[in-house]
Amino acid sequence: MDFRISSEPLDPAGLKARLADPRAGACVVFEGWVRQNNEGREVSALEYEAYPELAEKEGRRILEEAKQRFSLLGASAVHRTGKLGLGDLAVWVGVAAAHRDAAFEACRYIIDETKARVPIWKKEHYLEGESQWINCATRSGSENPPR
Amino acid sequence: MVRVHVSYYALLREQRGVSAEEVETSASNARQLYDELRERHRFTLPGERLRLAVNGEFADWSVTLEDGQRLALIPPVAGG
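Chains as they are written, first to last, in our numbering: chain A, 103 to 249; chain B, 97 to 176.
Check the hints yourself; a few may be wrong.
What the hints assert, rightly or not - For the chain A half of the interface with chain B, some residues (derived, Cβ under 8 angstroms), not all of them:
#1 E155
#2 H181
#3 L191
#4 V193
#5 T216
#6 K224
#7 Y228
#8 N237
Source of the hints: derived by calculation from the structure; they are not laboratory data. Since the model is a prediction, treat every value here as computed from it, not as a measurement. Beta carbons are placed, not taken as given, at the ideal position from N, Cα and C, and that holds for glycine.
From just these sequences and the hints, can you work out the full model?
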């Protein structure tokens with residue numbers, strides 16, 4: 103059960119190998135990739151920032167919850183920080199369980215909770231040159247006031 | 097007056113221009129401190145949209161400020 107924040111590119115094969123367990127009959131992996139558009143805007147790059155101390159703590163709590171709920175044999179997740187290009191791997195989640203139902207559900211639970219709870223932020227850079235922190239827009243004051 | 101260490105992330109870090117600083121304040125709790133900082137630095141995010149961490153753990157905004165505390169102001173998260 104390990105949840106890490108990494109400023110270096112991820113190694114999916116190495117991460118998956120660590121889940122190996124003779125009792126496991128199912129392994130489900132989720133990879134989050136940088137997509138070229140979001141809400142109709144063309145994305146050129148993403149930048150992730152984290153509060154690593156608390157992100158890893160909260161992430162491990164999520165893995166522990168998943169383990170209890172879905173009787174997992176193993177689970178781990180790694181989230182990138184720094185600047186990422188199109189197609190790059192931003193987040194990796196892997197779980198191992200005796201059967202596939204538990205593995206699918208647990209993997210889904212971990213990525214959903216991670217997005218909702220773990221202190222990680224994403225800034226989108228757009229082809230037309232602007233950028234914005236996702237989820238941080240406000241009605242009273244624009245995040246990026248016109249100059 | 098108490099002296100606390102405040103960390104800023106993402107949008108708050110950019111609007112403040114630094115990632116962390118020592119702050120001396122007469123605010124009695126974290127909510128009051130954020131209101132004070134928001135006015136001083138023109139942060140766009142209202143306090144209701146932030147979460148707070150004290151000494152590396154999520155905490156309630158009503159927490160009483162003490163010398164040497166490490167406060168982190170947490171904008172809406174967006175991992176994944």
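Enumerated hints in conflict with the structure, sorted upward: 3, 7
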